[in-house]
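Colleague: All chains should be built: construct the whole structure from the sequences, respecting the hints.
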Amino acid sequence: YSLYAQSNNSIKSLNDYSFNLYKQLATGNKNLFFSPLSTYLALSMAYEGSEGETKKEFENILHLSKNSKNDDFINIINGLIPENDSSVLSNSIWVQRKFPIENKYKCIIQKKYSAQVFSIDFLNKDSAAFEINNWVLKSTNGLIKNIIEPNNIDNHTKIVITSSVYFEETWEDEFDKSQTKKDKFYSGGNDTTSIDFMH
14 YSLYAQSNNS
24 IKSLNDYSFN
34 LYKQLATGNK
44 NLFFSPLSTY
54 LALSMAYEGS
64 EGETKKEFEN
74 ILHLSKNSKN
84 DDFINIINGL
94 IPENDSSVLS
104 NSIWVQRKFP
114 IENKYKCIIQ
124 KKYSAQVFSI
134 DFLNKDSAAF
144 EINNWVLKST
154 NGLIKNIIEP
164 NNIDNHTKIV
174 ITSSVYFEET
184 WEDEFDKSQT
194 KKDKFYSGGN
204 DTTSIDFMH
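Per my numbering: the sequence shown = residues 14 to 212.
Hints are not guaranteed to be accurate.
As the list claims (entries may be wrong) - Below, in silico cross-link-like pairs of lysine-lysine (DSBU-like), each with a Cα-Cα straight-line distance of 30 Å or less:
hint : residue 1 : residue 2
1    : Lys43     : Lys158
2    : Lys68     : Lys111
3    : Lys119    : Lys69
4    : Lys125    : Lys158
5    : Lys36     : Lys68
Since the hints were made in silico from the structure, they are not lab data. All values reported here derive from a predicted model rather than from experimental measurement.
Modeller: Here's what the structure looks like:
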């Protein structure tokens, strides 16, 4: 029961975080596509190095209770990833050269999040952006090309955290394209658009 309850609390934490993030990102009637899991994991990695009021703020944002930290959720995520497949979930932390980072934090990030920790020179913005983008490109099999631009980096940048999730698999029951039919899609009120519907 306790494992089930912990798992439920962990999933609830991600769900609450996801819906709150959606409310902040959604504007007007435009479609929105984003990965709450990626941002949740990136913030969780930052949370690991926090304390005091900052830690409380992270707990509020991530919807973590004192009794249910994110450990259970991270264990669930790690359990879903095949041991021989490192490309499904790619986490990394990029730290300004000579900027002190505690070994304890580094170990937690590496063990718990399977994250790689890199030393980088953020003062050379173009080179830093290229290095980060190139690593993400390789770790996602070319699916994510530009995660950061040089103008996202300034002279005060000390750490950049990246988290990417990608999934590629075949369906157990493959979709039959011949079953696609045109029908009316109601986008609000009486407004309709003719689109393809899968069956």
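Colleague: Now tell me, hint by hint, if it's right for this structure.
Modeller: Hints, verified against the model:
no., hint, result
1, Lys43 x Lys158, "holds (24 Å)"
2, Lys68 x Lys111, "holds (25 Å)"
3, Lys119 x Lys69, "holds (21 Å)"
4, Lys125 x Lys158, "holds (26 Å)"
5, Lys36 x Lys68, "holds (23 Å)"
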